[in-house]
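Trainee: Using the sequences and the hints given, assemble the complete structure.
In this text, residue positions in the sequence shown follow the working numbering: the first is 1, and each later residue adds one.
By construction, these hints were calculated from the structure, which means they are not laboratory data. In this text, a Cβ means the ideal position worked out from N, Cα and C, and glycines have one as well. Worth double-checking, as some hints may not be accurate.
Unchecked claim - In silico DSSO-like cross-links for lysine-lysine, where the CA-CA straight-line distance does not exceed 27 Å:
id: 1; residue 1: Lys-83; residue 2: Lys-128
id: 2; residue 1: Lys-163; residue 2: Lys-130
id: 3; residue 1: Lys-193; residue 2: Lys-163
id: 4; residue 1: Lys-128; residue 2: Lys-163
To be verified - For each label pair, taking beta carbons as the anchor points, the in silico distance ranges come out as:
id: 5; residue 1: Ser-43; residue 2: Gly-159; range: 35 to 43 Å
id: 6; residue 1: Val-52; residue 2: Val-21; range: 12 to 20 Å
id: 7; residue 1: Glu-179; residue 2: Leu-57; range: 41 to 49 Å
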Amino acid sequence: MISLITGTVRSIHSDRLVVEVGGIGLSVLVNPSTSGAVTLGSSVQLFTSLVVREDSLTLFGFLNEQARSLFELVQTVSGVGPKVALSILSVLTPEDLGRAIAQEDVSAIERVPGIGRKGAQRMILELKGKLSDLSESGTYQGHQPAWREQLSSALVSLGFSPKESDNAIGALVNRLQSEGVDASSVDMSDLLKDALANGKNSRG
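Mentor: And the structure:
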């Protein structure tokens, strides 16, 4: 089992990296956020999952162990293979997926290519409780988008607890998603203002 590689990035595509390790170029399937986080010629460390099929060996790579754990967990759902699992991590952050499972938000999971309504319902049924266990053990808290980390830090500096910050941001993300808006495209000052309002309402 190849569980970790460290090498030089020789080729970058939206869904794949070629990483040179010991003079050998390994093709590693990744999601767009991972390919966007590396630069050509740079050194990279990837936590990997090797998928063995009768006619192929496919290596999937992640920037942290938590994302890999989640990738492997969602494949325990009936009908979810490695490529669909990678698509899930491309569309939903670990936090968003955990929230969708907990709230039984079928529409959020349906956004993933290759997963229809029945597939989303099955995923909620089979993962219910498993993601919360992972969250408590710290094994799926993966990389957060830069805007989310900045917003969380700002809220904590203003007196919010980490849990209150996460709740306020979660409510904000849900509202923006319902309006078809990508939070990363919104000005940080506007995000902060909305998150503060959400936090104030939740605090009463």
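Trainee: Is the Cα-Cα distance between Lys-163 and Lys-130 27 Å or less?
Mentor: Holds, at roughly 20 Å.
Trainee: Does the structure keep Lys-128 and Lys-163 at a Cα separation of 27 Å or less?
Mentor: holds (21 Å)
Trainee: Is it true that the C-beta distance of Glu-179 to Leu-57 lies inside 41 to 49 Å, as the hint says?
Mentor: Since Glu-179 and Leu-57 have Cβ atoms about 43 Å apart, the given range 41 to 49 Å holds.
Trainee: Under the criterion that the straight-line Cα-Cα distance not exceed 27 Å, is the pair Lys-193, Lys-163 satisfied?
Mentor: Holds, at roughly 18 Å.
Trainee: Holds or violated: Lys-83 with Lys-128, Cα cutoff 27 Å?
Mentor: The hint holds at about 21 Å.
Trainee: Mind checking the hinted window 12 to 20 Å against the Cβ distance between Val-52 and Val-21?
Mentor: holds (19 Å)
Trainee: Range first: 35 to 43 Å. Now tell me if the beta carbons of Ser-43 and Gly-159 are that far apart.
Mentor: For Gly-159 against Ser-43, whose Cβ atoms are near 40 Å apart, the range 35 to 43 Å holds.
The structure fails none of the hints (numbered hints given earlier).
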